[in-house]
Amino acid sequence: MFDAAPILEGLGLLADWKVMSIILLGVFFGIITGAIPGFSTPLAISIMLPLTYPMSPVLGIAFLTAIYAGGNFGSSISSILLNIPGSPQAIVTGFDGNPMTKQGRASEALGMAVASSAMGNLLGAFFLILVMPLIVTVALMFGPPELFLVGVLGLTVIAALHNSFLKAIIAGGFGVLLGTVGMTSTGAIRGTHGYFELMDGIPVIPALIGLIGFSELFYMLQQRYVTGGSKRKGESEKNLHSLLYGFGRVLKHPLTVLKSSTIGVIIGALPGAGATVASVVSYNEAKRSSKKPEGFGKGAEEGLISAESANNASEGGALATMLSLGIPGGLATAVMVGAFMLQGLIPGPRLFIDHQGLVYGIMFAQVVASFFLLMAGLLVSLYAAKVINIPTIVLIPLIAVFSVAGTYAISLQMFDVKIMLVFAALGILMRKYDYPLIAVILGIILGPILDRQLMRTFQGAGELSIGIFLNRPVSLILLCMILFCLAPIAFKIYRNAKESLGYARRT
Amino acid sequence: MDFLRQLGKKGGEFIVPSIMLAYATYYYMEVSGLPRREVNLLLIQPVYFVIVVAFTILVAAYVYSLLIGKPVSASGSEAGERKITNKAATVSFAVLTVAYVFGIEWVGFVISSWLYMALLLIFFSVKSWLIIVIFPAGTALFIHLTFDMWLSIPLPKGILF
Chain W
1 MFDAAPILEG
11 LGLLADWKVM
21 SIILLGVFFG
31 IITGAIPGFS
41 TPLAISIMLP
51 LTYPMSPVLG
61 IAFLTAIYAG
71 GNFGSSISSI
81 LLNIPGSPQA
91 IVTGFDGNPM
101 TKQGRASEAL
111 GMAVASSAMG
121 NLLGAFFLIL
131 VMPLIVTVAL
141 MFGPPELFLV
151 GVLGLTVIAA
161 LHNSFLKAII
171 AGGFGVLLGT
181 VGMTSTGAIR
191 GTHGYFELMD
201 GIPVIPALIG
211 LIGFSELFYM
221 LQQRYVTGGS
231 KRKGESEKNL
241 HSLLYGFGRV
251 LKHPLTVLKS
261 STIGVIIGAL
271 PGAGATVASV
281 VSYNEAKRSS
291 KKPEGFGKGA
301 EEGLISAESA
311 NNASEGGALA
321 TMLSLGIPGG
331 LATAVMVGAF
341 MLQGLIPGPR
351 LFIDHQGLVY
361 GIMFAQVVAS
371 FFLLMAGLLV
381 SLYAAKVINI
391 PTIVLIPLIA
401 VFSVAGTYAI
411 SLQMFDVKIM
421 LVFAALGILM
431 RKYDYPLIAV
441 ILGIILGPIL
451 DRQLMRTFQG
461 AGELSIGIFL
471 NRPVSLILLC
481 MILFCLAPIA
491 FKIYRNAKES
501 LGYARRT
Chain Y
1001 MDFLRQLGKK
1011 GGEFIVPSIM
1021 LAYATYYYME
1031 VSGLPRREVN
1041 LLLIQPVYFV
1051 IVVAFTILVA
1061 AYVYSLLIGK
1071 PVSASGSEAG
1081 ERKITNKAAT
1091 VSFAVLTVAY
1101 VFGIEWVGFV
1111 ISSWLYMALL
1121 LIFFSVKSWL
1131 IIVIFPAGTA
1141 LFIHLTFDMW
1151 LSIPLPKGIL
1161 F
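Sequence order for the protein chains is W and Y. Numbering follows our numbering, in which position 121 of the first sequence is assigned residue number 121; successive positions increment by one, without gaps. Position in the second sequence (from 1) plus 1000 gives the number in our numbering.
It should be emphasised that the hints constitute simulated quantities derived from the structure, not laboratory data. It is possible that some hints are incorrect.
Stated by the list, open to error - Estimated spans, in silico, between C-beta atoms of each pair:
(1) W:Met199 x Y:Lys1157: 22 to 30 angstroms
(2) Y:Trp1106 x W:Gly338: 29 to 37 angstroms
(3) Y:Phe1142 x W:Asn163: 24 to 32 angstroms
(4) W:Ala425 x Y:Val1053: 34 to 42 angstroms
Stated by the list, open to error - In silico lysine-lysine, DSS-like type, Cα no more than 30 angstroms apart, as pairs:
(5) W:Lys102 x Y:Lys1087
(6) W:Lys418 x Y:Lys1083
(7) Y:Lys1127 x W:Lys102
(8) W:Lys252 x W:Lys238
(9) W:Lys298 x W:Lys259
(10) W:Lys298 x Y:Lys1087
(11) W:Lys102 x W:Lys291
(12) W:Lys238 x W:Lys102
(13) W:Lys386 x W:Lys298
(14) W:Lys386 x Y:Lys1083
(15) W:Lys418 x Y:Lys1087
(16) Y:Lys1083 x W:Lys492
(17) Y:Lys1087 x W:Lys386
(18) W:Lys298 x Y:Lys1083
(19) W:Lys259 x W:Lys432
(20) W:Lys432 x W:Lys492
(21) W:Lys252 x W:Lys102
(22) Y:Lys1127 x W:Lys386
(23) W:Lys292 x W:Lys259
What the hints assert, rightly or not - Selected chain Y positions facing chain W (in silico; Cβ < 10 angstroms):
(24) Arg1036
(25) Ile1044
(26) Phe1055
(27) Ile1057
(28) Pro1136
(29) Thr1146
All residues carry an ideal CB built from backbone N, CA and C; glycine is no exception.
Start from the sequences and build out the full structure, keeping to the hints where you can.
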């Protein structure tokens, strides 16, 4: 199955100080830019793309994949510390990461995030090396009906997001509708209100920053420090100790890391699904299979670990599809396809035949990036954790300006910043009346996937019936998984309704 | 009477779902008017009906809970509402942010960011003039150097800088 010569050639390509330095630089750049709200991983990669032109193929691609790995972790820093995800894939990390910060366990949470990210990335890289052909075969079994059901599976998490199922459903449904705004594959233009900027849909990152980030600043203003009323006691020594403690806690949950990474790789390999869906599905599964599901959303270690492992492992899956089929799974891999083309290489089956050594070199660069991610992540986290000791009255103007700059940088238009403001206003209202903001964002992210795949299913079959989903084995498995995820929620609703009726009879 | 008073007091809880339902209805009607209605509404129609049903049950459940005297909010949530206590600072933050976003294109990113941050720090009662002047200037300059110079992401220039 494995030919030793190209593997050795790939390893040989990495045995160069320049490659090692560029991977380290890429990881640092990815972490730092990833931590800036709005500065998404694809943006960081695309900015650095022209720099790779004079580099050798392995140097250039290793640099970009290192930024990818660093960015996936970096976006979690602001999510954990400030409840402001740097990128959509870090939303789920904040579910339990930010409550941990509020409990005074910020460094521990960052330590866990670093360890889970590095392990997820490493497992993703191993999956990439060992089972790439299998991943590709599995990914090819996913047609439009299956991809639609993957989106639905992601939506099931919305139902479990909040104590009030109804509020979550309304917010999630609203998000899905917003996600369908723009021009469809049939050429119809929906809900753009004449703004050509909305043709590609509601921009996710400005919506995310406004709804979750900017609205949080208004409530952050009500307290002296991010963690609450008083400055956190503890210096660097304690930070380091907590970081390492958090790191060690991840080792106590090997099954969660393995399961989440596997989910991450498989979903990452599906075109269009990406790291956000991977972390949502993985979090949902971790909650479902946990002995203490009630602790999720309140600082559960398994919640943070599952989200971080999955979103980092998804990189391995996305690279597998991109390298072997030439299909970019998301924006980041699409930019990387461009990087290959700059080097005169076309990702796809021929790449693996003609440049096996290079492909193995890129795969091993992923492994190296995982180790560098561990070191760089711990180092950056050590200093980043100090952010929570800055008074909010100083921190808020700083975050606000960076958020505006980051949002503007996405497509260089002020329209995105204005969209951010609109969502910030909605976010303030939703926070005031305790509506789940995440449900809207997940809806906006999953809406286009659901809409596109449902349309393709309809166009492919000429009609839409449940039979389409029941007659396909992978669809059937996914349907069973959806029912499995919804069963506890249905049971909870039934129990609450019964309690209410009982109360009414007693009074 | 007590029922109506309670409903009025907690009616704010329905502001958010009402906005969402209003948007969903408007959007549904707009898409219904497009050609190839059945294709364009494939996802939108079921989602819209889910929202309508959820909203109706939410209101009904709340009215029912008031009628039976069960002490729950519309959310049934433990967390409840989040309060804004520092109203002066919050309002100044909101007003300055809107002015900043709409002023960037006219004044330019560096100057408007510096002004915005400095004014916010003053409104937030920061006493040190060093922080009020130097910190915003340093931040604006850092962003300019990083975005404009290093990463070649041109930030809005405006009439100033």
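Evaluation of the provided hints:
1. W:Met199 x Y:Lys1157: 22 to 30 angstroms: Holds: the Cβ-Cβ distance is about 26 angstroms, inside 22 to 30 angstroms.
2. Y:Trp1106 x W:Gly338: 29 to 37 angstroms: 35 angstroms, holds
3. Y:Phe1142 x W:Asn163: 24 to 32 angstroms: Distance hint for Phe1142 of chain Y, Asn163 of chain W is violated at roughly 42 angstroms.
4. W:Ala425 x Y:Val1053: 34 to 42 angstroms: Between Ala425 of chain W and Val1053 of chain Y, where Cβ atoms are some 27 angstroms apart, the hint is violated.
5. W:Lys102 x Y:Lys1087: 23 angstroms, holds
6. W:Lys418 x Y:Lys1083: 25 angstroms, holds
7. Y:Lys1127 x W:Lys102: 27 angstroms, holds
8. W:Lys252 x W:Lys238: Measuring from Cα to Cα gives roughly 21 angstroms; hence the hint holds.
9. W:Lys298 x W:Lys259: 22 angstroms, holds
10. W:Lys298 x Y:Lys1087: It holds: about 28 angstroms lies between the C-alpha atoms, which stays within 30 angstroms.
11. W:Lys102 x W:Lys291: Measuring from Cα to Cα gives roughly 23 angstroms; hence the hint holds.
12. W:Lys238 x W:Lys102: Holds. Lys238 of chain W to Lys102 of chain W sits at ~17 angstroms (cutoff 30 angstroms).
13. W:Lys386 x W:Lys298: Within the cut-off at roughly 22 angstroms; holds.
14. W:Lys386 x Y:Lys1083: Distance ~27 angstroms between Lys386 of chain W and Lys1083 of chain Y Cα, so the pair holds.
15. W:Lys418 x Y:Lys1087: At roughly 23 angstroms apart (the allowed maximum being 30 angstroms), Lys1087 of chain Y and Lys418 of chain W satisfy the hint.
16. Y:Lys1083 x W:Lys492: This hinted pair holds, its Cα atoms lying about 29 angstroms apart.
17. Y:Lys1087 x W:Lys386: 28 angstroms, holds
18. W:Lys298 x Y:Lys1083: 20 angstroms, holds
19. W:Lys259 x W:Lys432: Violated: Lys259 of chain W and Lys432 of chain W sit about 36 angstroms apart, past 30 angstroms.
20. W:Lys432 x W:Lys492: 25 angstroms, holds
21. W:Lys252 x W:Lys102: 23 angstroms, holds
22. Y:Lys1127 x W:Lys386: 22 angstroms, holds
23. W:Lys292 x W:Lys259: Given that 30 angstroms is the threshold and the Cα spacing comes to 17 angstroms, the pair holds.
24. Arg1036: 6 angstroms, holds
25. Ile1044: 6 angstroms, holds
26. Phe1055: 6 angstroms, holds
27. Ile1057: 6 angstroms, holds
28. Pro1136: Holds, because the Cβ-Cβ distance from Pro1136 of chain Y to chain W comes to roughly 7 angstroms (cut-off 10 angstroms).
29. Thr1146: Holds, about 9 angstroms.
Going through the hint list in order, the structure does not satisfy hints 3, 4, 19.
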